[in-house]
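Same order as they appear, the protein sequences are chains R and H.
Under full-length UniProt numbering, the first residue of the first sequence is numbered 1, with each subsequent residue one higher.
Under full-length UniProt numbering, the first residue of the second sequence is numbered 1, with each subsequent residue one higher.
Any given hint could be a false lead.
Here are the simulated DMTMM-like cross-link-like pairs (lysine to aspartate or glutamate), alpha carbons at most 25 Å apart as the crow flies [stated by the list, open to error]:
| hint | chain 1 | residue 1 | chain 2 | residue 2 |
| --- | --- | --- | --- | --- |
| 1 | R | 94 | H | 112 |
| 2 | R | 242 | R | 205 |
| 3 | R | 129 | H | 112 |
| 4 | R | 106 | R | 185 |
| 5 | R | 103 | R | 180 |
| 6 | H | 27 | H | 85 |
Since the hints were derived computationally from the structure, they do not count as laboratory data.
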Amino acid sequence: ISPQDPTLVIGSSLIAACSVNSDLHLKAEDLYWTLNGRRLPPESYKVLNGTTLSVALANLNGSRQQSGDNLVCHSRDGSILAGSCLYVGLPPEKPVNITCWSKNMKDLTCKWAPGTEGETYLHTNYTLKYKLRWYGRDNTCQEYRTAGQYSCHIPKDLALFTPYEIWVEASNRLGVAVSEVVMLDILDVVTTDPPADVTVSRVGDLEDQLSVRWSSPPALKDFLFQAKYQIQYRVEDSSEWKVVDDVGNQTSCRLAGLRPGTVYFVQVRCNPFGIYGSKKAGIWSDWSNPTAASTPRSDRLPGVCDPKSGEHNTTLRRELKQFFGWVKKHAYGCSNLSIKLYDQWRVWLQKSHKTRNQVGLPSGFIPGSLQGPWLLARWHPDTCPHPPEAACFAPGHEAPRGKQHA
Amino acid sequence: PVDRANLLSSASSSSSLSQQEVATKIKQTHRLTVLLKHCSEQLLAEYVRHQGEPFSSPDFQPPAMAVPGLPSPSVPPEAWLALSDGKRLWHLAAAYTTLPGLLGSVLQQQAELNPLASELHRQLEAAARQCRGLAGNLEGIMGALGVPGPPPPSSSLGGPPPSAFLAKLSGYHVCRLHRDWAMRSHEALGLLRTKYPL
Numbered sequence: 001i002s003p004q005d006p007t008l009v010i011g012s013s014l015i016a017a018c019s020v021n022s023d024l025h026l027k028a029e030d031l032y033w034t035l036n037g038r039r040l041p042p043e044s045y046k047v048l049n050g051t052t053l054s055v056a057l058a059n060l061n062g063s064r065q066q067s068g069d070n071l072v073c074h075s076r077d078g079s080i081l082a083g084s085c086l087y088v089g090l091p092p093e094k095p096v097n098i099t100c101w102s103k104n105m106k107d108l109t110c111k112w113a114p115g116t117e118g119e120t121y122l123h124t125n126y127t128l129k130y131k132l133r134w135y136g137r138d139n140t141c142q143e144y145r146t147a148g149q150y151s152c153h154i155p156k157d158l159a160l161f162t163p164y165e166i167w168v169e170a171s172n173r174l175g176v177a178v179s180e181v182v183m184l185d186i187l188d189v190v191t192t193d194p195p196a197d198v199t200v201s202r203v204g205d206l207e208d209q210l211s212v213r214w215s216s217p218p219a220l221k222d223f224l225f226q227a228k229y230q231i232q233y234r235v236e237d238s239s240e241w242k243v244v245d246d247v248g249n250q251t252s253c254r255l256a257g258l259r260p261g262t263v264y265f266v267q268v269r270c271n272p273f274g275i276y277g278s279k280k281a282g283i284w285s286d287w288s289n290p291t292a293a294s295t296p297r298s299d300r301l302p303g304v305c306d307p308k309s310g311e312h313n314t315t316l317r318r319e320l321k322q323f324f325g326w327v328k329k330h331a332y333g334c335s336n337l338s339i340k341l342y343d344q345w346r347v348w349l350q351k352s353h354k355t356r357n358q359v360g361l362p363s364g365f366i367p368g369s370l371q372g373p374w375l376l377a378r379w380h381p382d383t384c385p386h387p388p389e390a391a392c393f394a395p396g397h398e399a400p401r402g403k404q405h406a
Numbered sequence: 001p002v003d004r005a006n007l008l009s010s011a012s013s014s015s016s017l018s019q020q021e022v023a024t025k026i027k028q029t030h031r032l033t034v035l036l037k038h039c040s041e042q043l044l045a046e047y048v049r050h051q052g053e054p055f056s057s058p059d060f061q062p063p064a065m066a067v068p069g070l071p072s073p074s075v076p077p078e079a080w081l082a083l084s085d086g087k088r089l090w091h092l093a094a095a096y097t098t099l100p101g102l103l104g105s106v107l108q109q110q111a112e113l114n115p116l117a118s119e120l121h122r123q124l125e126a127a128a129r130q131c132r133g134l135a136g137n138l139e140g141i142m143g144a145l146g147v148p149g150p151p152p153p154s155s156s157l158g159g160p161p162p163s164a165f166l167a168k169l170s171g172y173h174v175c176r177l178h179r180d181w182a183m184r185s186h187e188a189l190g191l192l193r194t195k196y197p198l
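Only chain H is shown next, with the shape it has when bound in the complex (with noise of 0.2 Å):
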């Protein structure tokens, strides 16, 4: 007979977190989405200013668009804080294991479409950054708390390079996400933080 403490802790390594490390991790990852806040609304100011109008204008109303691989915020709000920590920790977790490549697809197609724009580039880049940082927090966090984590994201999308507007169409939506779930992680890590106090 196996000991089950033993098979528990030997699932994951940071499963043997202490309480007081568990929550600072939370504090953390808090801040890490008051960063992601902040740069992903300034990244979706820079890529509309770049794409032209109807995009730069603040009326736009783009097409609901189905782009493979890309997680909306399906759950809505209100169920969103219906749910357990477990299930919102799951959602973040995929959301943010697939955000970095679709932001590097969105790099690249932009080097094509706005070569000189460098600072663009820059914030693309970033923001990818940012989300691998916090997708390995959220890791961590879920390690600690006992909660499964949501399986890989599929390869990247193959298929031939869109046209440059749908290119514009659909770099649109990925910053567009990304803003919404820093939004939604940001809200989530706060419940956290108040339920983990340090």
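Pulled out of the complex, with its shape left as it was, chain R reads as follows (with noise of 0.2 Å):
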């Protein structure tokens, strides 16, 4: 057959020709063509002398594999005689959104996304390239694959303080495509391990609150540097992860609000800015491995809590105004939020009985056998998405403050 091999674009046409020796006792209209196993039409084919046919192929698509499309010359009896592989395709796009990091200086790890088509149906190989700005060499990145199937590791040589320009190159067999040239300074782009011994212990018997200790990544010592942490945690049955994000330098952290007799999830990451004074943010590292631990369990049933005797009601009073103040400071991104307090249930029965289909008691409630003071807080989920997360407030304790908690 001939052409053997050629490389086309996307939507060109080929005639190919296949030539049976004379000793086969073959004619030219004894042979038929497939094109990957399916039989191509005879109103394509053309006898050119004795011994040979040829077939027209027109508008081609993209190839359907990337070893090449099997273009095969049979005789009658549907034996091959001989082939010859197309190559379909476009030439590559350019490589687009090149983002690079340093893991603790050491490194340089680059990844990027292939052009706009993306698929070119024939096997493009993306080459990544540097240069020091103000130096004329060209280095090429050896180590691929390092960070998925368009990156690559840099893992040594590398000047810091001085910018470095930084491009990939597509090449297939249709042709080549160069990026935009990047410009970074190693300094810029440094992240780091996430923080060590990452812990988290319940704060005495506190049913809402979670203390979260962790130790600053060793890596980054002697950089001179500050680290930013984030927080992010989640109950377990949940894969909705609530942030905690304006954690400074510290390395210790209390979450409150939290639900009891729960088990969460928490990790921790850090952000190293400020490398050698320098002023620009870092890259956030990963997460540390999630870390677990479960909030005391609240003894009383779920929504209730304990009846007071007629003595303690002043303080009681006192104590549930102190937690309308942290509900209400709590409850955000809410509007339309009611929080009444009754002193008797009764009394709340009587008043809500018009609009009782309205509000959702909690489960194991038993109206009957309470009295008050009750604190009852009413929304609904459109206008408060975010509704505060404390089931119950433990009496003598001071309400949490502070930006520390969700």
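Two independent chains are provided; combine them into the complex using the hints.
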């Protein structure tokens, strides 16, 4: 068959010819063509001479496999006489979105994305190149696919305090495309290991709090940096993480407003900003491995607080008012949160008789048997997507304060 | 006059193996052929998958190909079973000293044709390794049984790299033959095991 192994752009046409040796005693009329196993229509055939049959292919689609489409010439009984592999595709697009990071200023890993078209149907080779801005020599990255398919790792010999130019070249059988040049200083893209020794423990008997402690990553000890941290936590059976963002250069934090008797998973990560006095933020490390801890179980029925005898009423009222303040403060994004204090449950029941079906009672609640005072918070999920989490306020403890809790 | 026994034992170091040791070696080698049978089937399936139709279709009929150095199980099945143990081992040894080189060439060609097919590359490399292992084992058994070995394989196929389609085709033949020889060696070692029980 000729041509052998041609490379073509999608949509182009091709005429191929199959010539048989005269000693095979076959005529051109005895032959037929298949492409990737499917027979080609005889209308596209043309007998060129006694022993040569051609076929015309038009508007070719992208190659079905990277090893090339199989164009095969058969004799009438189906046996294969010869073949040729067609490589049909598109030239590569400029690689884009080059992002790089350095682990502890020791190396550089970059990743990129293929150009918008992505699928070129032909195998595309990527080469990452870099050079110091003010010295001439180009260097080629050698270790590919360390962080995903389109990535490369430069393990050593990197200079600090001086900009690098970095770019990616994509090439396939149909051509070459070069990305834009990215310029960066290693010190601006530093990341580090996650914080070590993350421990999560209870805070005494407090049912709604957990204390998180960690140590700063050791690798950057001598590099004069300020660390920022972030904590994220979730309950065991949810996939939704809550993030605590403004954790500064400290190594502990208290989470509050948590549900009692619940297992929480906690992770911490670190951003080494201001390396060697630079003003820039670094890159966030990976999250530490999740650490689990559980808040103490509430001894009371869920949603129900211990009834108090009459003498303690006034203290309880004061404490409940403190709790008001805390709930209002921590129902963020909430409008129309109504909190009312009732001295007697019975009074509330009478008042709400008309609207009773709008209130969800906590489970296990036995209205008739309990006196007051009672705190009732009501909200509509649409106007208050994040209701305060605490189910029970522990009388005698101060309401949690400060920025440390979610 | 040289002691004949000495001559024999100096001819190959492993001829001093006891009957027990020979039987163990045969059993071990038989188990290796079980592995080879399984892996060679997988390799053939993985190989055709990456070449596209018509290679991957179940009724694929490749043209008979004369690829130099390729040992086909030239002895037909009935005659194969009628051969002596020594002759059978000789044929197997000849095949397994040639196959590693051929599988290596297929790997090189597939690295060009299917650069991203890492599983295929891994299986080709493993197949070559297993063949080398089997060749070594066979050499040991033949030495113990006093069977002369085949000549070393001719130097690797030179010449210009084949066209893509021919490379796909010859690779198919190598993988198919690898599987066919695995089946034959499994059968032969099974027979040998019954003759040299532990």
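Checklist entry - Hint by hint, which ones does the structure fall short of? => result Of the numbered hints given earlier, the structure breaks none, since each of them holds.
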